[in-house]
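Undergrad: Between the sequences and the hints, there should be enough to build the whole structure, so can you do that?
There are 2 protein chains.
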Amino acid sequence: MHILITGAAGMIGRKLVARLVKDGQLNGQKIDHLSLIDVVAPEKPAGFTGAIEASTSDLSNPGAAAKAIAKKPDVIFHLAGVVSGEAEIDFEKGYRVNLDGTRALLEAIRAADQKPKVIFTSSVAVYGAPFSNSIADDFQLTPLTSYGTQKAICELLLADYTRRGFLEGVGIRLPTICVRPGKPNKAASGFFSGIIREPLAGQEALLPVSDAVRHTHASPRAAVGFLIHAAGLTRAQLGPRINLAMPGVSCTVGEQVDALRRVAGEKVAARIRREPDELVQRIVAGWAERLDAKRARDLGFKAEATFDDIIRAHIEDELGGKIVA
Amino acid sequence: MHILITGAAGMIGRKLVARLVKDGQLNGQKIDHLSLIDVVAPEKPAGFTGAIEASTSDLSNPGAAAKAIAKKPDVIFHLAGVVSGEAEIDFEKGYRVNLDGTRALLEAIRAADQKPKVIFTSSVAVYGAPFSNSIADDFQLTPLTSYGTQKAICELLLADYTRRGFLEGVGIRLPTICVRPGKPNKAASGFFSGIIREPLAGQEALLPVSDAVRHTHASPRAAVGFLIHAAGLTRAQLGPRINLAMPGVSCTVGEQVDALRRVAGEKVAARIRREPDELVQRIVAGWAERLDAKRARDLGFKAEATFDDIIRAHIEDELGGKIVA
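Chains as they are written, first to last, in our numbering: chain A, 1 to 325; chain B, 1 to 325.
None of these hints come from the bench; they were simulated from the model. Cβ atoms here follow ideal geometry from the backbone N, Cα and C, with glycine treated the same way. Heads up, some of the hints might be wrong.
Unchecked claim - Reference listing, derived: stretches of chain A covered by chain B, where coverage requires no fewer than 3 residues with Cβ under 8 Å from a Cβ of chain B:
id, stretch
1, 146-152
2, 156-169
Unchecked claim - List of simulated lysine-lysine pairs, BS3-like, C-alpha gap at most 25 Å:
id, chain 1, residue 1, chain 2, residue 2
3, B, Lys72, B, Lys15
4, A, Lys294, A, Lys267
5, A, Lys15, A, Lys186
6, B, Lys30, B, Lys302
7, A, Lys93, B, Lys15
8, A, Lys115, B, Lys93
TA: What follows is the structure in structure tokens.
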């Protein structure tokens, strides 16, 4: 089996590559060929015995998409894209990379007539306030960012290309990924990870919103699990509605802090400093608090059961089991 | 006021032009300039005293959109597009005209920095079965045709360009337009008009589905009214969700026939011949039967109250008040 991963140098991309190399198979078939592309050079993983190519490519450039699929991948994990904040700041870049890049990939697939599976990472940013208390699977997409708009458009394209028989698509709407490894970033959602990651590493973290703010999270490990699981679904299981909201742990910030205290102790939890930030509060107030994700759960997608589990996954996967107590 | 109409040679386009010329004003402002474009040459209406241009243009051709808006229209009615059947048969043409043409128009508007009102005709084809009994305003868009996909994508673009302040958009999802004037066509929905139009003209009409089939209709006159009304709405009235399902008369085919009998007599209604067609039955079964259209009604959009009114509008507007009894 030949697998292509776009956005392979990103956080989820790297973890997906590592998981596929470790598993050695997908849907019961041996992986003998990996193609990794990204706008920055993806690293080749250690320990993979099959053919592997890692190349720098922007799918929105002419010919790039056709080249990316020239060796006929059976499964494509399409993760490439610019993130929410960047798509909002740079309107043209967001549409070029997130919409035109995806469309170029779909068009190249149509032209090549090879019908691969295409797993596309969408986002809960496709939803826009006002919301009902919990977002049902049939809730409309009225995004309030250009990023969310681009993801929603790509979902529609993926569904139409699937319906027409050009490929077999699955779109998965990822909740906020928490705990994100690495350095703090400027994303408005950054604190959801920061208030866990920094205290576990012995550092202070700022909490800009009230303890009552509710949000839905899944670990990077769960996100990789969603991608793998999506690749195993059949057309019959999916039916015509191939874009799915993923499950996650819905909890308040206060519950996140309580979980940190339970898992790592009072001293770690005390490293969170409350410093209200009105701008962040306003942005976060427009986000989905809870998703039913009933279809995804019924189809066997699994997120963590509790936020404690999300913290433990971070400690195992990123900190080698060690915390700075 | 300068008004641009794309798709001005189409059925709704011609009726909209005639109405604007008759009214002489829009939103209380005198219309002193009309620009009409279409892929076939639009006719210049009689009796308009202002400046008028009618030109042949395909917005998806390079430079066409910039040229179309070069004289800075205040209001743009964007009706241009290929119809459902054609977009399904010719995949590339559908995406080129319906998606790329619309995006080119929006991009030209963004580049020109002139913030016009843009009234876009979307369609109930943005919905795809399975449905609830009546489609609520917040129901998801899961189209089952490439045409519906293209309309849904354009709605998303229109909303994002509006949110970003590049223009002031309103998308109106038209129900099936009935009674369509002119000759019978091959559209699967054609019989909804045919069973009224042909008998009123003294001709036999075939009815391929059962009397129990339910569907939602609005007259061409009502559709023009929706467009005019949409142009008068303020951003504050619309809020962030600028794409609206339009109201219509939801009735069964049997109720259509009863209305024809009431309005035109038994002899006219007897010209309908039942000839079941399984293919048409299957296609129609995937269509929306009823739409809440609550937001549109609350915003003052008005359709006919009964199917009798729809028939009467046809007799007045197309037959000069005369029927072949």
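Undergrad: Now tell me, hint by hint, if it's right for this structure.
TA: Now for the hints, and whether the structure bears them out:
1. 146-152: Per the Cβ count (3), the hint holds.
2. 156-169: holds (count 6)
3. B:Lys72 - B:Lys15: Distance ~23 Å between Lys72 of chain B and Lys15 of chain B Cα, so the pair holds.
4. A:Lys294 - A:Lys267: Judged against 25 Å, a Cα distance of about 38 Å means the pair is violated.
5. A:Lys15 - A:Lys186: 22 Å, holds
6. B:Lys30 - B:Lys302: 24 Å, holds
7. A:Lys93 - B:Lys15: This hinted pair is violated, its Cα atoms lying about 40 Å apart.
8. A:Lys115 - B:Lys93: 21 Å, holds
Comparing the model with each earlier hint shows violations of hints 4 and 7; every other hint is respected.
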